[in-house]
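When you get a sec, could you build the whole thing from the sequences and use the hints?
Listed in order, the protein sequences are those of chains W, H, C and V.
Each residue of the first sequence is one higher than the one before, starting from 1 at the first, in our numbering.
Each residue of the second sequence is one higher than the one before, starting from 137 at the first, in our numbering.
Each residue of the third sequence is one higher than the one before, starting from 273 at the first, in our numbering.
Each residue of the fourth sequence is one higher than the one before, starting from 409 at the first, in our numbering.
Possibly wrong hints are sitting among the right ones.
[What the hints assert, rightly or not] Partial list, computed: chain W residues near chain V (C-beta under 7 Å):
| hint | residue |
| --- | --- |
| 1 | Val28 |
| 2 | Phe95 |
| 3 | Lys98 |
[Unchecked claim] Listed below are the simulated BS3-like cross-link pairs for lysine-lysine, each with C-alpha atoms no more than 25 Å apart in a straight line:
| hint | chain 1 | residue 1 | chain 2 | residue 2 |
| --- | --- | --- | --- | --- |
| 4 | H | Lys234 | C | Lys338 |
| 5 | H | Lys201 | W | Lys118 |
| 6 | V | Lys459 | W | Lys46 |
| 7 | W | Lys66 | W | Lys114 |
| 8 | H | Lys202 | H | Lys213 |
| 9 | H | Lys182 | C | Lys337 |
| 10 | W | Lys65 | H | Lys250 |
| 11 | C | Lys318 | H | Lys201 |
| 12 | V | Lys473 | H | Lys250 |
| 13 | C | Lys338 | V | Lys473 |
| 14 | W | Lys114 | C | Lys318 |
| 15 | H | Lys254 | H | Lys202 |
| 16 | V | Lys473 | H | Lys182 |
| 17 | W | Lys66 | H | Lys250 |
| 18 | H | Lys182 | C | Lys338 |
| 19 | V | Lys473 | W | Lys98 |
| 20 | C | Lys323 | V | Lys459 |
| 21 | H | Lys202 | W | Lys65 |
| 22 | W | Lys65 | H | Lys182 |
| 23 | H | Lys187 | W | Lys65 |
In short, the hints are calculated from the structure, not lab data.
Ideal placement from N, C-alpha and C gives every residue a C-beta, glycine not left out.
4 protein chains.
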Amino acid sequence: MIEFEHQVRVRYAEADRMGYVYYGNYAVYFEVARVEMLRSLGLPYKLLEDKGIILPVSDFSVQYKKPAFYDDLLTIKTTIRKKPSVRIVFDYETFNEKGELLNTASVTLVFVSKATGKPVNPTDEFNIVFTPYFQN
Amino acid sequence: MIEFEHQVRVRYAEADRMGYVYYGNYAVYFEVARVEMLRSLGLPYKLLEDKGIILPVSDFSVQYKKPAFYDDLLTIKTTIRKKPSVRIVFDYETFNEKGELLNTASVTLVFVSKATGKPVNPTDEFNIVFTPYFQN
Amino acid sequence: MIEFEHQVRVRYAEADRMGYVYYGNYAVYFEVARVEMLRSLGLPYKLLEDKGIILPVSDFSVQYKKPAFYDDLLTIKTTIRKKPSVRIVFDYETFNEKGELLNTASVTLVFVSKATGKPVNPTDEFNIVFTPYFQN
Amino acid sequence: MIEFEHQVRVRYAEADRMGYVYYGNYAVYFEVARVEMLRSLGLPYKLLEDKGIILPVSDFSVQYKKPAFYDDLLTIKTTIRKKPSVRIVFDYETFNEKGELLNTASVTLVFVSKATGKPVNPTDEFNIVFTPYFQN
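What follows is the structure, given as C-alpha cells:
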C-alpha cells in the first residue's frame, strides 16, 4: 500500500453559483494529487510521457458527501492498495480544514504505449519503485 | 423512461497534451446534456434554482472506452430510467461522429431545499412532467 | 472586413459564486467564435494544425462592462478588420439576449510553423479566402 | 508600490494539444496570485465578499511572449503601482523556472457593493493596509 497526502486551495473559478466546488473539478484535484504522489516516489509524470508512456483514465467514480467552498484548503489523501500491473488504481478521500470527509473517489489509469496505442506493463523504473510497497 | 440526445463540439481548451478530451471535462458535457434535456421537458434548470431548489451531484461515475479529440462533434445520449424521487439518476452514452461509443456514465442528483439544506421530494411541476413517462 | 456571429450558452461550470461568468472563460467563448468563423469560411482550424501551422495567441484584452449569468444565450460578434498577414486580429463584442453589450475584446494570433517554431505568412488557402474581403 | 511573488504548478488539464498552457488559463493564475497577495497583506478575499464587497474585473490584458508547458513551476510577480481607489490595478509578470519572462499582464478590479451594485471606495481596513505602501 502507498499513501500520500496533498493539499489544494480552492480557486475562485472552481466554485459555482451554489458556492460549491463544481463536481467535475475534483477530477483536476485528483490528477494533481496523483502526480504529486508519483513525483514524491521519484516518478515524474511528465518524464513518463516523454518516454513514450501515456496513462489515460479508464474508470472514474466519486461519491460526494459534503461540498467544498471557495478558498477552502482541501487535503486529498491518495492510496494505491494493489501493486500496479497494466492498470493502476488510485483511491481518494477529500477532507476540508475541519477534517470532514467531503467525498471518496477512485481513478483507474492504464499504461499505454504512445507508439502502438496498446496497453503495456509498467516499465522497470516503475516496478523498482512499487515493489517494496507490496511485499507478500 | 425518458431519452434525449444533445450534441457538443469539443473546444480547444478541453483537449489535453495527449490530444484527448481531458477526463474531467465530460462532467461539463453531461451537465449540459441534462440541462438541455430538462429544458426540452419544460423544466429550465435555472428556474428551479430561482425557486429555491438546488440539485447537487451525489454520485458520478464514468467508464472511458475511447478518447474524443479536439473539434469532434459528440452526441450525448441521456436516459432517465427510473421515476425521479428525492434522487434523479441520469445515464449517459457518448458517441463520436463515426457512431463509436466513447464512454458510458451515470450522474445522480439530489433535490435539496436551498433554505433548509435538506433533501426534498420533487415539486408538483416536476411530477406533472415526469409521471407520464413512468406509467407502470 | 469579415464579420461573423456565433451563439454560446453559458454552462453551469462557467459561472462563479457571484453568479457571473468567470472573467477568464470569455477566452474560451472567443476561441469558439473564431473557430466557427474560420469554419464558415471553409478553413477548419483543426486542418490547419494538421498541416503544420499553429496559431498561438500573442495578445488578448477584454473590457468588461456588464456580467453574463448562468444559462444566458450570448451572441459573440467577431470582426477581422485588417487583412491577415503574419498576424491575424479578431475583434469581439459580446451581447446578451436583451441586446446589451457585455464586453469588447481583441485577440491577436500569429501564424507559426510547427516544424521551425517561427512566424510564417498565411498559406495560399488562407489568402484565397481572405483576399476578396479586403479589396479596397 | 506593493510587490508579491507566488508560484503555480501547471496542471495537466491546463495545457492544450499544442502542449502550451491554454491562453485563457492565465486568468486563473493571476487571480490566484492576487488572492495570495491580499492574504499576505491580511486581507483575505473571501472575507471581503462575506462583508458585502465584490471585486469584479473591469479590464484584462495579456501580452504573450513564450509558452508555458505542462508541469512547469511558474512564478507570478504581482505589482500594485498606484494606491487603490474605486479601482485597483494589478500588473503581472510570469516567469518559468529558467527565469524567462513568458508574459506580462494587467487586471483592473472595481470595488462594488453587493447590496447596491454600485462602485464604492475601499473600506477602512483596506486603506489602513494600503496607505503605508503609497506614501508621497
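Structure-based check of each hint:
no., hint, verdict
1, Val28, "holds (5 Å)"
2, Phe95, "violated (19 Å)"
3, Lys98, "violated (16 Å)"
4, H:Lys234 - C:Lys338, "violated (41 Å)"
5, H:Lys201 - W:Lys118, "holds (13 Å)"
6, V:Lys459 - W:Lys46, "violated (43 Å)"
7, W:Lys66 - W:Lys114, "violated (38 Å)"
8, H:Lys202 - H:Lys213, "holds (16 Å)"
9, H:Lys182 - C:Lys337, "holds (23 Å)"
10, W:Lys65 - H:Lys250, "holds (16 Å)"
11, C:Lys318 - H:Lys201, "holds (23 Å)"
12, V:Lys473 - H:Lys250, "violated (46 Å)"
13, C:Lys338 - V:Lys473, "violated (30 Å)"
14, W:Lys114 - C:Lys318, "holds (21 Å)"
15, H:Lys254 - H:Lys202, "violated (39 Å)"
16, V:Lys473 - H:Lys182, "violated (41 Å)"
17, W:Lys66 - H:Lys250, "holds (14 Å)"
18, H:Lys182 - C:Lys338, "holds (20 Å)"
19, V:Lys473 - W:Lys98, "violated (42 Å)"
20, C:Lys323 - V:Lys459, "violated (54 Å)"
21, H:Lys202 - W:Lys65, "violated (30 Å)"
22, W:Lys65 - H:Lys182, "holds (23 Å)"
23, H:Lys187 - W:Lys65, "holds (24 Å)"
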